[in-house]
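Participant: Letter by letter, the chains look like this.
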Amino acid sequence: MPWLEIDGKPVEVPANLNLIEAARLLNVEIPHYCYHAGLTVVGSCRMCQVEVEIGGRKSIAIACNTKAADGMKVTTKSETVQKLRRSILEFYLQHHPLDCPICDDAGECDLQNYYMEHGLHDSRMPLEEKKHKHKVVEVGPHVVLDSERCVLCSRCVRFCREITGTDELGIFGHGRDAELLNAPGRKLDNDYSGCVVDLCPVGALTDKDFRFRRRVWYMKRTASICTGCSRGCNIFVDWETDRRYKDPVRRIQRLKPRYNEQVNEWWMCDQGRHGYSLVDSPDRLTVPKTNAQGNGHTPTVDEVIARATAKIEAAIEKHGASSIAVLASAASSHEDLFALRKLFVETLKVQNLDCTFSFEMKGKEDEILMRADLTPNRRGALELGIKPWGGEGQGGDDLLNAAVEGEFDVVIVVRHDLSSLLSERVLTKLRKNSGYILYLGTHHNGFAELADDVLPLAMWAERDGSYTNFQGRVQKTNHVFDPKGFALFEWEIWKKFGANFGVELSESSCFDLFNSIGRSVEAFSALTWDSLGAKGAMLNGVPEPPHRRIQTSRPLAAY
Amino acid sequence: MIGNGSVRLLSKNFDVPNMATLDVAMKHGAYDMLKRAMKLKPEEVTELVKASGLRGHGGAGFSAGTKWGFVPKDKFPRYVCVNGDESEPGTCKDRLIIERDPHLMLEGALICAYAVQAERIYIYIRGEYYYPAKVMAEAIKQAQAKGFIGQKILGSDWSCTVHLQNGAGAYICGEETGLIESLEGKKGWPRLKPPFYPAAIGLWGAPTIVNNVETLAFVPRILDIGPEKFAAMGSPKNGGTGLFSLSGHVNKPGVYELPMGTLLTDLIHKHGGGIPNGKKLKAVIPGGSSSHILTADECENLPLDFESVAARGSMLGSAAVMVIDETVSIPQLMHWMVRFYAHESCGQCTPCREGTDWLLRLSKKFLEGTARKRDIDDMWQLADNIDGKTICALGQAVAWPTKSYLVKFRHEFEALCRN
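Going line by line, the protein sequences match chains A and B.
For the first sequence, our numbering gives the first residue as 1, with consecutive numbering after it.
For the second sequence, our numbering gives the first residue as 560, with consecutive numbering after it.
Derived from the structure by calculation, the hints contain no laboratory data.
Hints should not be assumed to be uniformly reliable.
What the hints assert, rightly or not - Pulled a few chain A residues facing chain B out of the computed Cβ check, cut under 8 Å:
no.: 1; residue: Val-41
no.: 2; residue: Gln-49
no.: 3; residue: Gln-94
None of the values given here were measured: they were computed from a predicted structure.
Beta carbons are placed, not taken as given, at the ideal position from N, Cα and C, and that holds for glycine.
Between the sequences and the hints, there should be enough to build the whole structure, so can you do that?
Facilitator: So this is what it looks like as structure tokens:
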């Protein structure tokens, strides 16, 4: 463990750490463009030059390719270093189009930031002599390139080479004609293409979805996790609701990956990145709905709950608890499932309950992040005691089949859009064979039309909630903004039901519910809402997985 | 004027007709030294070369034997790369060696490969050198047929193959790590240092010795005359002779083989026949276009070896001496030089990519008559911002001469300025 001095402050750092990372430990930011901790070091931007003194010899070195060594004295703020940075910035800015007013990256652009911090020079470059390159190049379905803004740091090129192994981008031409472009005949069309936008230190690569949407300084940022699959990538939700004239519906402007070395490092998949559109979709269910009366009257939540309660009570009285089936969802949070279990399993003694369905396991799986299991909380559901339904070798699919065959009077479906999964014929059969269908969903769909009663659910960005990913890591989403319309949290609905059946559910928030889970469920003992923190915590007794450096298993040779 | 000089060590057989054919070459002793070397232990060969004081003739002047000694003990496979990407303006010696005596270079490369126990030799020849590459290909074929290349060479346990690769015309591929990248099939972008020496991590990550054509061609001669005699031929720390490419305003331009440490004025006047038409000497570029320019005064009494030229504030480099008489405009010369480097910059790191282009635009102003005095200082400052701040030495290659032209001939630039 070498001891070194950075700007006069002594620090002990782990072995093999470069100076950029070592300085970060002291909260000293050494400016850089090409360096990224997740990619190989190329040392081409020359922005991170610092003064290094070792053994009495002073020299200028690039911090990204200099390993911290014992007795090293690093100066990051001297006049010499400042002059070097200014000279490099001048090189970068001589041909830069200076179109910050219309650039999406303005406000989070490293050229801007470093210029304000280290440059502040006047341009020696006459405007008419500036070089022109390609603009508005659609390098892929999600990404647009403006070559004039590009600083040729090659982060995106290395990402496509080292992380995804797809090699779609390259720097072509040499000298002053060097330019970032697609490899001939290839589009940037991999599952992680949005990451190159995060990597781009300037506004050269922009997300088609976010282009010209919002100035970044208007947006607010909330930490959360992606609920698109069982990985649970850590994200930031960038949202803005005050400027309705731009787009009256859209609240989330974009999602950005949030670093978590155990889960997703710096990356996230395009599916997750653009998955937010469901939250602000115009198809959202915002009010309860009933098809029973058929007179266009919109019921209140309490009316629907009262009617459903009556149906459940009647069914239990007539045929017992076995006439009720609950098709729960592993996309629900621990709190939802805890309340659901308390109501149906513990109080009403309903046996026909499952949340594992094969149609949810058909996502794309790869070695980077994506998981075939598209539910964020399957492991959590199992830990909470929601076990596969039926006897040996049976499960949720069999429960659904039994419902179709008419074995149950009351069928309660949470979140699943059965209309898109079952054929018309099977669906009609289910409708005909079931006395009463209650649907709790987030979006208008065929099944919401078919169910007797429908209750609207809040989505992940509108609520707090905790989920256990496939590794056994418990992580949480945070409340970003209030639910749309009259949408409710799922646990809130079960609590209202519970009141009708005499269930004691004193907790009135997600935090309380999670803390109750911690007290009563073995796997969650020692966990509280606050202990989850920003990066989550492992289930009781599950060891932290080893830190996996995410990269393709078929990299191009790099030495 | 080819290979003419005061001594004929390397260029001994340059005038022999058909020297490129193996039969003729063998009559003149080709591959005898390989046989002699293979009777020694590999380390002994390295020691011999180290003792001879042979310096790299590609430009940096690094001790060849020391470089061979950098190969890690237990890392295999190992490679030898022959750098025949001779692109420095003014340099034309490697071409001559390959055309006139390819077996000499091949033998030297094989001895080097034996010394480091390499299993393959890559000969990287500049793309524009079409004819030399053809000669070399034929030489390799013949040497292979005779068993000097291939499996179990000369009945030993050591096998070595030779692979000829043509470049595609990039100056930067003459930089050793750029050459390696190019050989690997990638864009010829020089690698980041550290790791400093390809001898430890080179081609495909394996230990690789990259030596210039001329350097390797000297190796059989060292074995022939012995390292002591070789070392004694040159000046201190600079063993043997060197091929000097003399060009510019001299009566007899050409490649001259002279002992290291020969006086620059001797080269120009005694061997080169002086400056034509009785013109006065203005300046000399002593080591290829990337070296600092020397004024006429600085050329006096200057021995041409690596240390002496460096002491005068320039470098011997590839020993391409360009003589400039009083008719030459230095701003024009600079524009020509900067244009070359701006064109050949690989575009990898910022100072060189952006800086060379900017220098080019500024230097053009002097020719167009739009320059102001401020531009002289701007150019010097720009060159200084490139100098030493880049991944490879191309940054220095443009910064050094630019700075020296601006400082030593500032009056000429000022004369071209407006106001």
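Participant: All hints are to be evaluated individually against the structure, with a verdict given for each.
Facilitator: To see whether the hints hold, each was checked on the structure:
Taking 8 Å as the C-beta cut-off, the interface hint given for Val-41(A) holds, the closest approach to chain B being about 7 Å. A hinted interface residue such as Gln-49(A) counts as satisfied when its beta carbon comes closer than 8 Å to some beta carbon of chain B; here the least separation is about 7 Å, so the hint holds. A cut of 8 Å between beta carbons decides the hint on Gln-94(A): the least distance to chain B is about 6 Å, and the hint holds.
Checked against the numbered hints above, the structure violates none of them.
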